[in-house]
Amino acid sequence: MSVPTVNELKSHAISIINSDKETFIDAAKTVYEIPETGFNEIKTSKFIDGQLRGLEFSVQTGIAKTGLKATITGKDSGPTVAVIAELDALNVPMHLGADTETGAAHACGHHAQIGILLGVAAALRGAFIKNSLSGKVVLIATPAEEFIEIQERLNLRKNSEIEFLSGKQEMIRLGTFDDVDMAMMVHTAVGSGTPMLNIGGTSNAHVSHQVRYIGKSSHAGGAPDQGINALQAAIFANSAINTQRETFREMDVARVHGIISRGGVAVNAVPDDILYEGRVRAKSLNALDHVSKKVIRCYKAGALSVGGSAEILEIAGYHPLRQDRNIQEIFVSNARSILGKESIKVLPKTYSQGGSTDMGDLSCIMPVIHPYTISASGVGHGADYIIEDYDRAVIAPAKVVAATVIDLLGNGASAAKKVIDGYSATYSRDNYVALQRAKFRIETYNSTFR
Numbered sequence: 040m041s042v043p044t045v046n047e048l049k050s051h052a053i054s055i056i057n058s059d060k061e062t063f064i065d066a067a068k069t070v071y072e073i074p075e076t077g078f079n080e081i082k083t084s085k086f087i088d089g090q091l092r093g094l095e096f097s098v099q100t101g102i103a104k105t106g107l108k109a110t111i112t113g114k115d116s117g118p119t120v121a122v123i124a125e126l127d128a129l130n131v132p133m134h135l136g137a138d139t140e141t142g143a144a145h146a147c148g149h150h151a152q153i154g155i156l157l158g159v160a161a162a163l164r165g166a167f168i169k170n171s172l173s174g175k176v177v178l179i180a181t182p183a184e185e186f187i188e189i190q191e192r193l194n195l196r197k198n199s200e201i202e203f204l205s206g207k208q209e210m211i212r213l214g215t216f217d218d219v220d221m222a223m224m225v226h227t228a229v230g231s232g233t234p235m236l237n238i239g240g241t242s243n244a245h246v247s248h249q250v251r252y253i254g255k256s257s258h259a260g261g262a263p264d265q266g267i268n269a270l271q272a273a274i275f276a277n278s279a280i281n282t283q284r285e286t287f288r289e290m291d292v293a294r295v296h297g298i299i300s301r302g303g304v305a306v307n308a309v310p311d312d313i314l315y316e317g318r319v320r321a322k323s324l325n326a327l328d329h330v331s332k333k334v335i336r337c338y339k340a341g342a343l344s345v346g347g348s349a350e351i352l353e354i355a356g357y358h359p360l361r362q363d364r365n366i367q368e369i370f371v372s373n374a375r376s377i378l379g380k381e382s383i384k385v386l387p388k389t390y391s392q393g394g395s396t397d398m399g400d401l402s403c404i405m406p407v408i409h410p411y412t413i414s415a416s417g418v419g420h421g422a423d424y425i426i427e428d429y430d431r432a433v434i435a436p437a438k439v440v441a442a443t444v445i446d447l448l449g450n451g452a453s454a455a456k457k458v459i460d461g462y463s464a465t466y467s468r469d470n471y472v473a474l475q476r477a478k479f480r481i482e483t484y485n486s487t488f489r
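With our numbering as the guide, the letters of the sequence shown map in order to residues 40 to 489.
Hints may be right or wrong, so weigh each one.
Stated by the list, open to error - Restricting the straight-line Cα-Cα distance to at most 20 angstroms, the calculated cross-link-like pairs of lysine to aspartate or glutamate (EDC-like) are: (1) LYS388 with ASP291; (2) LYS85 with GLU95; (3) LYS82 with GLU140; (4) LYS104 with GLU202; (5) LYS175 with GLU95; (6) LYS333 with GLU316; (7) LYS169 with ASP115; (8) LYS388 with GLU368; (9) LYS197 with GLU482.
Hints listed in this document are in silico derivations from the structure and should not be mistaken for laboratory results. Remember, predicted model here, so these are calculated numbers, not experimental data.
Working from the sequences, and respecting the hints, build out all of it.
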């Protein structure tokens, strides 16, 4: 019996995805209906577990609370390729698909990734394909990509349920990726028409700040002069941050934003305990450090302005995304072959819109790609973000990902071995974990003004 060619394997995978496309689209839509925020994706995780077991996979569950992992083993030994999907939703209560109790909503399109993952799983699991692969395909569903609900996650950390505050960060720490050599995922994006996909570019690094302003409570009407208004300290700090924006270099794609998540308990009392949550983003770690120091100076200025104090917690955020050129070339070739020559746009290596992803952290320890499928309307993270075309959001990328995996692990995994040989890690896993731990820092600033 002749050995099937790589093109025959790809055609077989595509036919499987086409034949059961409604199942994968329905899976994505089911996840859309049960939105859950990071580390809370219990229903979502259970649903995916059931879907994978229905495809006769043995599934490891409960990784980093809600993550999952399943494996397709090729006939011969070789590298391991991970296909990743993200489980979590956002807090967008005004979104059409928001949970009426929690306000969670899939306003970033992560639910489409579940359909992609299941499509790839179904396409590659059969003997015809896996017996022609050298290596393994690992299917990983990761929790908590959105860096939100920080106080809730800090409580999980305090209770030793997690250590790092994002899913991929925590999975790296736990060793989930120790047997993985490279990884890929596809995210939705806003737009229509041509191209259908884009790939390349980078993402911003970020750091998160939790700033607790401590003042002195007093009667807001009868004795305001005897209080120290912690809310005014936070407001002053936010204004001080705004004075720094003109100093941010355009090349650094710096972004600074914050909210007052605890603003006082009684309107007739001077607020004495306020929580300000800040986020600093920049294109490089050096730029991030530079901007973050300016912002921290503003936090201290807020405390000084009223004579209060500030407890400043710095929380390890994300690293910039490094997209692997060799995997990218294979993905682009498959997109053009399967979807058409004009179906994909390759972005400049340095391009960044300012957002962040924990795939950036993974890219520090292994080669990855993070393309986008243009299939949604509205604004990302907004109440109007909706997947308009599920064929583009789920089916098209599933085909291209499956074909890319076949290229990587077919023909004795020569392409995957080339990827490994061409990649130089920024950190080892242990060094990455140590660095992230060191980035958790607490500083207390006591004003001497009063």
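Here's how the hints hold up against the structure:
1. For the hint pairing LYS388 with ASP291, the CA-to-CA distance comes to about 14 angstroms; that is within 20 angstroms, so the pair holds.
2. Between the alpha carbons of LYS85 and GLU95 the distance comes to roughly 15 angstroms, so the proposed pair stays at or under 20 angstroms and holds.
3. At most 20 angstroms may separate the alpha-carbon atoms for a hinted pair to count; LYS82 and GLU140 meet this at roughly 15 angstroms.
4. At most 20 angstroms may separate the alpha-carbon atoms for a hinted pair to count; LYS104 and GLU202 meet this at roughly 11 angstroms.
5. Of the pairs offered as hints, the one joining LYS175 and GLU95 holds, with about 16 angstroms between alpha carbons and a cut-off of 20 angstroms not exceeded.
6. Proposed proximity of LYS333 and GLU316 is supported: the alpha carbons are some 16 angstroms apart, at most 20 angstroms.
7. A distance of roughly 9 angstroms separates the Cα atoms of LYS169 and ASP115; the hinted pair therefore holds under the 20 angstroms criterion.
8. About 13 angstroms separates the Cα atoms of LYS388 and GLU368, which keeps this hinted pair within 20 angstroms; it holds.
9. Restraint check for LYS197 and GLU482: satisfied, since their Cα atoms lie roughly 18 angstroms apart, inside the 20 angstroms limit.
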